[in-house]
Amino acid sequence: MNKFLNPFRYIAGGKSLLAGIVVLLLTAITGYFSHTHFPDLISIKLSPAFPLWYFVAQVFTNWLVISVVLYLLALIFSSSSVRMVDIFGTQALARAPYFLAAVTGFFSVMHKFGRYILYTRFHQGEPIDLTSTDVVLVVFLMILSLFLSIWTIILMYNAFRVSANVKGGKAVPLFIVAVIISTVATLFLSRYYLSLVTR
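Just so you know, the sequence shown maps onto residues 979 to 1177 in this note's numbering.
Simulated from the structure, these hints should not be mistaken for laboratory data. Honestly, I wouldn't trust all of these hints.
Stated by the list, open to error - List of simulated lysine-lysine pairs, DSBU-like, C-alpha gap at most 35 Å:
{"hint": "1", "residue 1": "Lys993", "residue 2": "Lys1023"}
{"hint": "2", "residue 1": "Lys1145", "residue 2": "Lys1090"}
{"hint": "3", "residue 1": "Lys1090", "residue 2": "Lys1148"}
{"hint": "4", "residue 1": "Lys993", "residue 2": "Lys1145"}
{"hint": "5", "residue 1": "Lys981", "residue 2": "Lys1145"}
{"hint": "6", "residue 1": "Lys981", "residue 2": "Lys993"}
{"hint": "7", "residue 1": "Lys993", "residue 2": "Lys1148"}
{"hint": "8", "residue 1": "Lys1148", "residue 2": "Lys981"}
{"hint": "9", "residue 1": "Lys1145", "residue 2": "Lys1023"}
{"hint": "10", "residue 1": "Lys1148", "residue 2": "Lys1023"}
Given these sequences and hints, build the entire structure.
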């Protein structure tokens, strides 16, 4: 369980950075094919058929923004030396659960549910009927996505705490501040990317 929630005592530095970049690329490519994107630091949503660069830019922006913010906070508040490669590497690896989140987009029922919501709530598109099996699968995938988001946040926090050598009493508020700043920044940047692909 410890390795499941905090693998960063066993892998850090260049190894975590290399592994994390591979995971980020796989997440972006999988999201491209499954039409799943990450419009801010935490969110998981279905998307139209956007170009590959949009998914790559989004995934890497989410990683880079939180890494930069956490690194700056670590430099200011950590009492020990902090290596950039540790912060950036472990934060990249911490986003591994989102690869699984991108895979959930391959389930056609999620796109069917999206069309169902568009028709019933906004009167757009064609009528869609959902079977009881569809509803059960949608609920399961939504719960799974929530679990993956929570898991990612826990991994991000533990990655920061270990890499910055910051204790819990200080780590928690610093991490919360970093998440708030990064969520706003990544949402703004994601909307900019969206404006480029919808011109």
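Here's how the hints hold up against the structure:
{"no.": "1", "hint": "Lys993 / Lys1023", "verdict": "holds, 30 Å"}
{"no.": "2", "hint": "Lys1145 / Lys1090", "verdict": "violated, 45 Å"}
{"no.": "3", "hint": "Lys1090 / Lys1148", "verdict": "violated, 45 Å"}
{"no.": "4", "hint": "Lys993 / Lys1145", "verdict": "holds, 24 Å"}
{"no.": "5", "hint": "Lys981 / Lys1145", "verdict": "holds, 19 Å"}
{"no.": "6", "hint": "Lys981 / Lys993", "verdict": "holds, 16 Å"}
{"no.": "7", "hint": "Lys993 / Lys1148", "verdict": "holds, 27 Å"}
{"no.": "8", "hint": "Lys1148 / Lys981", "verdict": "holds, 23 Å"}
{"no.": "9", "hint": "Lys1145 / Lys1023", "verdict": "holds, 33 Å"}
{"no.": "10", "hint": "Lys1148 / Lys1023", "verdict": "holds, 32 Å"}
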